[in-house]
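Going line by line, the protein sequences match chains A and B. Every position in the first sequence, counted from 1, becomes a number in the working numbering once 53 is added. Every position in the second sequence, counted from 1, becomes a number in the working numbering once 736 is added.
To be clear, the hints were calculated from the coordinates, so they are not data collected in a lab. Note that the structure is a prediction, hence the values are computed from the model and not measured. The beta-carbon is built from N, C-alpha and C at its ideal position, and this holds for glycine as well. Among these hints, one or two may not hold up.
Taking CB as the label site, the calculated pair distances span [what the hints assert, rightly or not]:
hint	chain 1	residue 1	chain 2	residue 2	range
1	A	Arg263	B	Ala907	27 to 35 Å
2	A	Tyr114	B	Gly864	42 to 50 Å
3	B	Glu972	A	Ala375	28 to 36 Å
4	A	Arg285	B	Gly777	34 to 42 Å
5	A	Arg285	B	Ala773	30 to 38 Å
6	A	Arg267	B	Lys757	51 to 59 Å
7	A	Asp323	B	Arg1077	32 to 40 Å
8	A	Ala107	B	Ala859	50 to 58 Å
9	A	Arg179	B	Ile784	47 to 55 Å
10	B	Met933	A	Val364	41 to 49 Å
11	B	Ala907	A	Ala235	44 to 52 Å
12	A	Glu271	B	Leu875	51 to 59 Å
13	A	Gly234	B	Leu904	50 to 58 Å
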Amino acid sequence: MDISTQTTDAPPPTPQPTVTEQKRNARGATRPGDRVFLGLSRGSGILLLVIMAAIAVFLTYRASLAISKDHGNFLTTFEWNTNLNPPVFGIAVLAFGTVVSSIIAMALAVPVAVAIALFLTHYAPRRLSGPVAYVVDLLAAVPSIVYGLWGALVLVPHMNGLFGWLDHYFGWTGIFDWQGGAPRSMLTVGILLAIMILPIITNVTREVFRQVPRMHEEAALALGATRWEVVRMSVLPFGRSGVISASMLGLGRALGETMAVATVLSPTFDIQASLLDPGGGTFAQNIASKFGEATEQGRDALIASGLVLFVITLLVNGAARAIIARRKEYSGANA
Amino acid sequence: MSSAVVTGKRGSTLRSASLPKWSPWAIAAGSVAAAVAIGLGAGLGSKIQWGLIAAVLFILGTYVIASWVEGRRQAKDRIATSLVWVAFLLAVVPLVSLIWTTVQRGVKVLDVYFLTHSMGVVADSEPGGGIYHAIIGSLEQVGLATLIGAPIGVLTAIYLVEYGRGALARAVTFFVDVMTGIPSIVAGLFILSLMLMFEMQPFGFAGSLALAILMMPVVVRSTEEMLKLVPNELREASLALGVPKWRTILKVVLPTSLGGITTGIMLAIARIAGETAPILLLVWGNSFINNNPFSGAQQALPLYIYQQYANSSGSTAAYDRAWAASLTLIAFVMILNLVARGIARWKAPKTGR
Chain A
54 MDISTQTTDA PPPTPQPTVT EQKRNARGAT RPGDRVFLGL SRGSGILLLV IMAAIAVFLT
114 YRASLAISKD HGNFLTTFEW NTNLNPPVFG IAVLAFGTVV SSIIAMALAV PVAVAIALFL
174 THYAPRRLSG PVAYVVDLLA AVPSIVYGLW GALVLVPHMN GLFGWLDHYF GWTGIFDWQG
234 GAPRSMLTVG ILLAIMILPI ITNVTREVFR QVPRMHEEAA LALGATRWEV VRMSVLPFGR
294 SGVISASMLG LGRALGETMA VATVLSPTFD IQASLLDPGG GTFAQNIASK FGEATEQGRD
354 ALIASGLVLF VITLLVNGAA RAIIARRKEY SGANA
Chain B
737 MSSAVVTGKR GSTLRSASLP KWSPWAIAAG SVAAAVAIGL GAGLGSKIQW GLIAAVLFIL
797 GTYVIASWVE GRRQAKDRIA TSLVWVAFLL AVVPLVSLIW TTVQRGVKVL DVYFLTHSMG
857 VVADSEPGGG IYHAIIGSLE QVGLATLIGA PIGVLTAIYL VEYGRGALAR AVTFFVDVMT
917 GIPSIVAGLF ILSLMLMFEM QPFGFAGSLA LAILMMPVVV RSTEEMLKLV PNELREASLA
977 LGVPKWRTIL KVVLPTSLGG ITTGIMLAIA RIAGETAPIL LLVWGNSFIN NNPFSGAQQA
1037 LPLYIYQQYA NSSGSTAAYD RAWAASLTLI AFVMILNLVA RGIARWKAPK TGR
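Just chain B, with the same shape it has in the complex:
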């Protein structure tokens, strides 16, 4: 009888005490309730402060309760877990708010009229008008930039993977890495210094050149990764049949990695489509429709958003247009992203063919 008591005791001491599984939820609920009480009691207006108070209470509460029941090591573990969760939730708030606000305020004026009319006869402070001219400008500038940037990027990647050895390849690799980090406004200033030299007026193609500079390193990087995934056996098989190296690259290597390369280019397009700074310096913006990217100022979606915000001295109509244009731009970028990822999954390099 006594032995039974001893084993029972030993059983309880072998496993140290631990909090029940529902305890984090309980502590969370308690701290939120306390935060609401404090917020109401102290008359704090901002909901952000309520959230911060709740987060602090949750972390403190977890630590105190856990170190009392489970000991210091477990308490530290729990506090780390709750910190990680709190950080995650904290970061989600602004990002959700960004998407929510854009959608909610963007749908107000976003309709077919908005997409098919320009700002030609509409003052910035008045309602009406649209983004047709900006869409045209963006498509032309980004399209031209892609025509320049994508081939150069892909060819450079081919050089690095298929031919590159020695100092030149190492230099190119390093500077591609560095080029990824060039601020977009510096690329704009570079083209601007060329334009000052030749005394040119702003036009769409100048913006395309700056965008192409920003696009190249991104395309090089992603294409390089894709080409490296092509199995060497494919190249060797082709070369062993006596096919010249350039035909091997064109007919075997590129088709195998085409899906990945397309994905990379589309992600790069998504990136440059949102660039404002170079467009601001080089293309200027224009309320009228200008279909010719080689002469005269043009408009672009990101620049349109900025000008609607900055030049309208707080008019609600202009802000609404800015949000609607933002929604259009985000939708364009997201669709490109989703399609690119879809292609990447669908056309993933097949190895055993």
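Only chain A is shown next, with the shape it has when bound in the complex:
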């Protein structure tokens, strides 16, 4: 009976599937169980949006409290004295350190990750590629604090040789000038971040390279191309947007990484040209190391710097998703 009224109400020329769908939805919504279930599931979707909005609102509110009291310039001051009255602090050093360490990490990790992805999809013997891909998956799950501990106790002592060599041959550039302090510097942080984001970039890139149409590769091979020419002419062009978005996902991780940077870097609050001398800081590292001694005023200031980090990662991730969305098949979100 219900159904018959529905069909007579619906205009006759509407295509068949739409009519049935309307019927199903309309009938589904009238049953109490369905209404409860739809409410619950839609409610949790809305809750997620509310949480995102709440993060933005609350961080902005606390940040505005801090910035209104700030007697330095929030963007350009080279100081972080939040327990003074009035407080003086600025994010210039942190922004610089975050950008520099992430650039180093990206410059090292992206080429290697692309090469490993190529290795797994096109070069490795099949018996090797399966287990290696599995190990890469597992390594993506190693907690960042363990990378931090390893970085501080194993990687840092091993950097002395490399730093001495860089200083000896490239010290004249200024970037690789080394005064001989412990190698807890931006370059070490960048290398550690590169190792940490390698698995995720590799995972996403590998998925993209797997989906290169077989026909493209075979066409190139049939024309007599070598394996490298196949990669250059069919695999890389097809995977370019995937590589870019994978890199940006990795960049998002590198920007927000806290504990690995906090354990390895010995921070100072100034900007220096040399990547080898210890010093500098990043947003996340500064929050973790200054938090313990901060008063409420100091915490608000840290929240203000966290807000900047939040906005930056939002932009980077949004851009990565926008690029991925153009090729829906390989969303890297579950990597």
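With chain A's structure known, arrange chain B on it following the hints.
Coordinates of chain B only, in the frame set by chain A:
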């Protein structure tokens, strides 16, 4: 006779010269030997430098020899192949070193005593003590976070797959994607700003809330993928029998994809179990056993590792404890991962039932 000579010649020119199959190994062995010689000769201390020199020599050697014998195109192909292999080996070194060091240094103090005692009366610089309080804290915080995060995540995924159309669904999809990339410390700061507002002291459940925020998008994504794999025929068959949609979802869709959903949740748990930053901000850490996550500072495994490293001013005993706790944490995460993958394989959605 002359024709035989001509065909013989033609045969040799048709196939261009190529290096024998063993040549990469030979070049590799040669470059390693040269690198060792250079390293010893120049007195280079770091083995990393030896490795780098060997890699550079290998690539250069391959290029020179191949372009001399086989021509430029083949040489480029060979250099690409060797670069890819070198990149792979370069990346393996730190990762193997990480696992090796953790296991080797972790087993020193890892025993039943270590797992069943807290740091209550042990100074950070002295040997002894254990991680019992950290394990309790981690289990409670992660458990509570899962109780909050997993249902919300699964329900959101159900909304997106089964009901979601229009602007709201698109907004949720986009923000779930964006939320995946929120740094853990920002989630911690968000809860911290709430705690400042209500003037609360640190406690375990605050950490759980931050962990739940980090967990939700991961669960949504994986559950969504799994629900999409459920064949539409199953839903249609159930609906055609007059079963209401909510019962169809509960009795047909969810059981079919249960294995995959469980896998996703376990991977999400593995991810949040290693988060340090929000715990540092919200739970503070504690040397004593605190079984109540709703009041007072607690400890958690990742935070314990950080504090053993940072607060001990270089004491070997503290470093040993940090490595042992790292090994425990890695073992926990890896076991979760392996079990999750096992479930995924065992309970993969069956289509033709």
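Hints, verified against the model:
About 31 Å separates the C-beta atoms of Arg263/A and Ala907/B, a value consistent with the hinted range of 27 to 35 Å. Under the hint 42 to 50 Å, the C-beta atoms of Tyr114/A and Gly864/B, about 46 Å apart, fit the expected range. At roughly 34 Å, the beta-carbon separation of Glu972/B and Ala375/A lies within the given 28 to 36 Å, and the hint holds. Between Arg285/A and Gly777/B the CB atoms are about 38 Å apart, so this pair conforms to the stated range of 34 to 42 Å.
For Arg285/A paired with Ala773/B, a C-beta distance near 35 Å keeps the hint of 30 to 38 Å intact. Checked against the hint of 51 to 59 Å, the C-beta distance between Arg267/A and Lys757/B comes to roughly 26 Å, which is inconsistent with it. Distance hint check: the CB atoms of Asp323/A and Arg1077/B are about 47 Å apart, inconsistent with the given range 32 to 40 Å. Distance hint check: the CB atoms of Ala107/A and Ala859/B are about 41 Å apart, inconsistent with the given range 50 to 58 Å.
At about 31 Å, the beta-carbon gap between Arg179/A and Ile784/B misses the expected band of 47 to 55 Å. The hinted range of 41 to 49 Å is not satisfied by Met933/B and Val364/A, whose Cβ atoms lie roughly 21 Å apart. Here the CB-CB span from Ala907/B to Ala235/A is close to 48 Å, well matched to the stated 44 to 52 Å. Judged by the Cβ atoms, the range 51 to 59 Å given for Glu271/A and Leu875/B holds: they are separated by roughly 53 Å.
Checking the proposed 50 to 58 Å range against Gly234/A and Leu904/B shows it holds: the Cβ atoms sit about 55 Å from each other.
Hints 6, 7, 8, 9, 10 from the list above are not met by this structure, while the remaining hints are.
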